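Student: Chain by chain, the residues:
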Amino acid sequence: MGGTPLPANVKLIDENGRRMDGRMPEEMRPLKIEAGVLKRADGSAYVEWGNNKVMAAVYGPRECHPRHLQNPERALVQCNYNMASFSVDERKRPGPDRRSHEISKIISEALTNVVFTEYFPRTSIDVYIEVLQANAGTRCAGLTAASVALADAGVPMRDLVASCAAGKVANTVVVDLNKEEDNFGQADIPVGYVPRSNEIVLLQMDGDLTLEEFNKGLHMAVDACKKVYQIQRDALKRRYSARAADEDVPAPIVEGAMMREGQ
Amino acid sequence: MGGTPLPANVKLIDENGRRMDGRMPEEMRPLKIEAGVLKRADGSAYVEWGNNKVMAAVYGPRECHPRHLQNPERALVQCNYNMASFSVDERKRPGPDRRSHEISKIISEALTNVVFTEYFPRTSIDVYIEVLQANAGTRCAGLTAASVALADAGVPMRDLVASCAAGKVANTVVVDLNKEEDNFGQADIPVGYVPRSNEIVLLQMDGDLTLEEFNKGLHMAVDACKKVYQIQRDALKRRYSARAADEDVPAPIVEGAMMREGQ
Amino acid sequence: MGGTPLPANVKLIDENGRRMDGRMPEEMRPLKIEAGVLKRADGSAYVEWGNNKVMAAVYGPRECHPRHLQNPERALVQCNYNMASFSVDERKRPGPDRRSHEISKIISEALTNVVFTEYFPRTSIDVYIEVLQANAGTRCAGLTAASVALADAGVPMRDLVASCAAGKVANTVVVDLNKEEDNFGQADIPVGYVPRSNEIVLLQMDGDLTLEEFNKGLHMAVDACKKVYQIQRDALKRRYSARAADEDVPAPIVEGAMMREGQ
Amino acid sequence: MGKDVVADLKRDYISKLLAKGVRVDGRKFEEMRPLTIEVDYIKSAEGSARIQLGDTQVVVGIKIDKGEPFSDTPNSGVLTTNAELIPMASETFESGPPDEISIEVARVVDRGIREGHAVDLSKMVLEPGKAVWIMFVDVHVIDYDGNLFDAANIAANAAFKTAIIRGSKAGLSEDQPLPVQHQPISVTVVKIDGKILVDPTHDEERVADARLTVATLENGNLCAMQKGLNGAFTMEEVFKVVDLSRRIGADIRSRF
Amino acid sequence: MGKDVVADLKRDYISKLLAKGVRVDGRKFEEMRPLTIEVDYIKSAEGSARIQLGDTQVVVGIKIDKGEPFSDTPNSGVLTTNAELIPMASETFESGPPDEISIEVARVVDRGIREGHAVDLSKMVLEPGKAVWIMFVDVHVIDYDGNLFDAANIAANAAFKTAIIRGSKAGLSEDQPLPVQHQPISVTVVKIDGKILVDPTHDEERVADARLTVATLENGNLCAMQKGLNGAFTMEEVFKVVDLSRRIGADIRSRF
Amino acid sequence: MGKDVVADLKRDYISKLLAKGVRVDGRKFEEMRPLTIEVDYIKSAEGSARIQLGDTQVVVGIKIDKGEPFSDTPNSGVLTTNAELIPMASETFESGPPDEISIEVARVVDRGIREGHAVDLSKMVLEPGKAVWIMFVDVHVIDYDGNLFDAANIAANAAFKTAIIRGSKAGLSEDQPLPVQHQPISVTVVKIDGKILVDPTHDEERVADARLTVATLENGNLCAMQKGLNGAFTMEEVFKVVDLSRRIGADIRSRF
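Residue numbers (this note's numbering), protein chains in the order written: chain U, 1 to 263; chain G, 1 to 263; chain Z, 1 to 263; chain P, 1 to 256; chain C, 1 to 256; chain R, 1 to 256.
Hints listed in this document are in silico derivations from the structure and should not be mistaken for laboratory results. Every value quoted in this text rests on a predicted model; they were computed, and no experiment measured them. Even for Gly, the Cβ is constructed at its ideal location relative to N, Cα and C. Heads up, a few of these hints could be off.
Claimed, not checked - These stretches of chain G come out as covered by chain R in the derived footprint (C-beta under 8 Å, 3 or more residues):
hint	stretch
1	81-93
2	170-181
3	201-211
What the hints assert, rightly or not - Dumping the calculated DSS-like pairs for lysine-lysine here, alpha-carbon to alpha-carbon at most 25 Å:
hint	chain 1	residue 1	chain 2	residue 2
4	G	K92	R	K130
5	P	K169	U	K92
6	C	K195	U	K105
7	C	K195	Z	K32
8	R	K43	G	K11
9	P	K66	P	K161
10	C	K130	P	K66
Given only the sequences and the hints, what does the whole structure look like? Please build it.
Tutor: Okay, here's the thing in structure tokens:
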């Protein structure tokens, strides 16, 4: 955690147990997801989560470049997480930094877990996540958006990955930290969760937590992921209905599968 | 334009309508062109234009690298415009910057227009322009030199591209701005012109021009290009005579063609 | 040479002709070599030479990347000399600089001289030199270590390259300059020497030397190289004995050859 | 080769329609695609706009920070324009350092707003020669269906309109609006089979012979121009495009 | 394809042994490899350690120089962690800019020592807001047989122990020891066929489904965590690994 | 393979001629190619020279700007040498960051002029520790037919001769000549079939076994040396080349 000392007038948790933005500890920020927002990409999703605005796009399965990365037995899921230079208060230099390389890697790994990569040997499934406006929790928002974009692209998947963080602020375990809580908080635990297998595919932690706090936080994060999952599925249903109404567009394979399996 | 305010003692146009260096508005700076100045390149040309010194070299048609750029139906004309670090008052860091990338692109496009690229599928025709001494107008000088170097290399061409800029200084439309006029002037219009088709293949503009000024400037630039063209052809004729005198060297295909067609 | 002026209280050569660290002019710093210190590499050697600590590793002969560097008739010996960021007083930015590129090149050339590259067409023999602690003379230490690592890897060689520098400090020709002598000295002559052919395969010089001083320096450097050679061979003998004792590991081809030929 | 065959078929199809005076999407030759503009879209930016021009989507964010002037312009703020043609926007864009296309987009957009004096940089000086406002115009293309030049130009102009300079970034108590003074609007055409088409789609760009971008001001003056692609224009065609740009630019300007 | 066949055979071999409760090198599932630590190995560094964990060898050098603080932390020294997975260490590492793996190693090592407050950065201030000590932790991997996270973490902690701040670098007359306050030790496991294996070798890493690194402090608290690879963990498995890390971390800490 | 066959034929041809004591271009073994020098060729540079050595053409431009000294040499101007082996000069040069060859050329040229104290850097100090003249020696190779080391070295020495320090760049009213004090001239040989050939052409370089560059001063002292390529020299050969360099260097020096 940032380790920035808390200004005197800021109370992260008030006397009623409410957080700066009025939320209770287990309460997420408002989350809106819209699937199929881009024309050119094979699949896409837009996420507004609190003050985060994140876009995800999927291209593929397609020929894998560079060639030497091709896997003869499976598709490669390659995620590229990028923050727009204007997404943060102080302008960020364009291009990847070490943080974005790391996030790209762990999101790629989390998504690979749910994609039937064995169906598309030698190909690449490219996932692009653009953070347009950042307010803490962008990797969870990006992973959440990417899962929906993959489904929108018709990529066959075992399940969606839902993602949300827990954390500790003012010695209280909470979910879904906003920017102030992230800056002045004590710990952060981003989690990527696969509801149908009840497994964790993305997990990081930094800060200071007792064993008990960690256990509580992980449970709270998983519970929040389940709510995220519902919102992801609703977005895909809306997208499916919209598409079905448009005769020109065939129903995507995966959404059909998703609907069946997910019920 | 630079937008630098004009120093009090500088008069860009005097009471007789003459420019700082004594030229009249429609008068170009002295232009000397010499073809075939390098041994290693397949073709080359050296241009001294006012205080500009520019060298152009051509290699090819040759195998196109990287492979994925190969066009199965035509040759690729790839220009690389570069300013030597000592070509300007304040030393320029070696290597391409955004400006040189842009200039390379528009010169490549202008030259492609006149090369019979369909004769050499899958190949690359590489054009290197080195600005050794810069004094405004280097892209026009570079394009002018490159055309001659292509002809010197025997690359079959419909015609040469001749290039010169017009501009506006002290509310007067003039041709071929020098460095002071470029710094303190009001507009610049670099033009690349193909005399035989009477067409424009390079055109940029920046500054502030009324419609009338632009029209006048474009006409003046084209007229200047026609003068440049004559000097280009004279240089190639001299080169051709020199070569013909030397029995070892066969007459270049294109020059023969040029002479026939250009008369 | 650095050209740093000598502090008043420093005497590079004392009244008894001894150097700052007590050595006589023709005396090398203590040199220890150990072969076979890394598990993963095909061959390796560790050198402690005065206050230098240098590691060398060899991979290959193996497929040559990038492909266009492949030589259809011989192996390519590619050396990569690198200084760890903590190897010098002021932290060095990681990654190659111009100095390390140059040293990599001349060490590659010196080693190529003794390797039977014609036995392994189209392959690459990759030599990695890591300077962990630097105290002047790292290129000689690196070349010395690399030769032993090549032999340890079983790469067939005509001979080892032994390396040591001569130089001039306080108007005296000496061998094997240490850091202070390098900083405040007058000339440096790194030499790579092949004892069996009695030839020089690496040679540089900088500073100021009369013809006589250079001649004397070159002879002294070669004499020092002969001592280095003996220590290299002892290290390989120890390594050979250790390997022979371990039934699982076959005796390396080259050591056998070396021993036979070197006697 | 497969790619080329498709391109050839597309070219044939586009050409046949053009011969009948029709564009693939039904537009007239001199007609822009539908344009929607959303300003103040990015709260973390000092100014922003998301625009949709047909199926091309561009987000422009303006960041304004305190910094040092260039030594040769001590009495002027600094304008820097950057374009990111991120791979999200098209299968033809790649990650990595800006390529020729994104550099050309950035430079042509920059030329328009700089030479058209969209923002009065002389009013962005904190202490002459020492401290000025540095303005970054970042063009983020998220969906690409042609004509990035105009989409980015319009988005930048729209973003300027509501942009503010945050006083807190220089220890000042008050914010101030960005000193906007002009709206240099660019209009781009391509030439296919000798026909001039305004606001080309990606497919039209791919088969086009030549491209011309002209930026004009409120008073009808020209401030920037860029010809592209391998084809050529006659002088008459250039004057026609200049005329088109002045006319359509005025239309677009009225949208702000 | 040849490479994949070998990998498949290796996986089969490892799996069969694991089914019998045995690892290829004979270790128990929850057993670290032999660990040797040599501190003050590099005299040119302000602190250093060379450690050997099985056949993995890592040298960590600490450089401490005078510099400027970040503007948002005027009262704190600066910690920078860098990892060089040099090609000497493995045929799978390449020269060139840090790749994803070395970035992840650097960031996970950094997270452990930063979040675990291994060094009291508030005591590394020379003049608040102006001058602080900048500490570079450079991880140099010279022989790679798996589990770089823990090898580098342990080496960094060991190097801190005897590191000194050279007063001469800031014009001060006296050296001072690095203000070390905690020892955040990381323990890494992989999951193969549902089994949790501590301190994986390179071969085990290559066939592993998932990886989890947990760093803990003297008081048993957690300070950093990183899950890797395409596989998944159940919550129970996560809690088991946390427990393992606390236990084994205490063992390792006792070695300093 | 085609390339190698041609190379083999070239080698055979060169070898056969050498066996008869003849070089391809008719020169003696110890003979330089014709040399022409044009100074002050580049007006935008503070000093410059264009030289032609046989068919090798090099332009060297000297730029001198005000700047800061290195912290360990407060009383010395700064010399930086850079070589651009631009693709114009040869089909074997490529665009992009300097490769090994251009780095070696830059470093060997730099070594000669630095170690030979061509310019008295101690006279290029404006304010000790604060402001000095920074001199960039930029070597631009425009036509490449071998022996860049000597061509660039001679061009640099020639450019120094007439170079001026522009006072206006540091707010001074007067210009001053560059404080030139020595002329360290390098001479390069290659060894082919045991024969030592001075001033090799590109073809000779390509088939050469070994290369040696030696730079000497007016007083006959040695100041720099660089051996290259995979071949070897005996000590006697080295001494012979040193002797050649002193003799030919004096000839070249007399040309200035």
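Student: A separate judgement is required for each hint: does it hold in the structure or not?
Tutor: Outcome of the hint check:
A stretch counts as covered by a chain when three or more of its residues have a beta carbon under 8 Å from one of that chain; for the stretch 81-93 of chain G and chain R the count is 9, and the coverage holds. Beta-carbon proximity to chain R at under 8 Å applies to 0 residues in the stretch 170-181 of chain G; the threshold of 3 is not reached and the given coverage is violated. With 0 residues bearing a CB less than 8 Å from a CB of chain R, the stretch 201-211 of chain G misses the requirement of three and the coverage assertion fails. Proposed proximity of K92/G and K130/R is supported: the alpha carbons are some 23 Å apart, at most 25 Å.
Only pairs whose Cα atoms come within 25 Å are accepted, and K169/P paired with K92/U is accepted, the gap being roughly 15 Å. As the CA atoms of K195/C and K105/U are separated by approximately 24 Å, the hinted pair is consistent with the 25 Å bound. The straight-line distance between the Cα atoms of K195/C and K32/Z is roughly 45 Å, outside the 25 Å bound, and the hint therefore fails. Pair hint K43/R plus K11/G holds up; C-alpha atoms about 24 Å apart against a cutoff of 25 Å.
With a CA separation close to 20 Å, the supplied pair K66/P and K161/P stays within the 25 Å bound. Between K130/C and K66/P the CA atoms are separated by roughly 19 Å; this keeps the pair inside 25 Å, and the hint holds.
Consistency with the previously given hints fails for numbers 2, 3, 7, ordered from lowest to highest.
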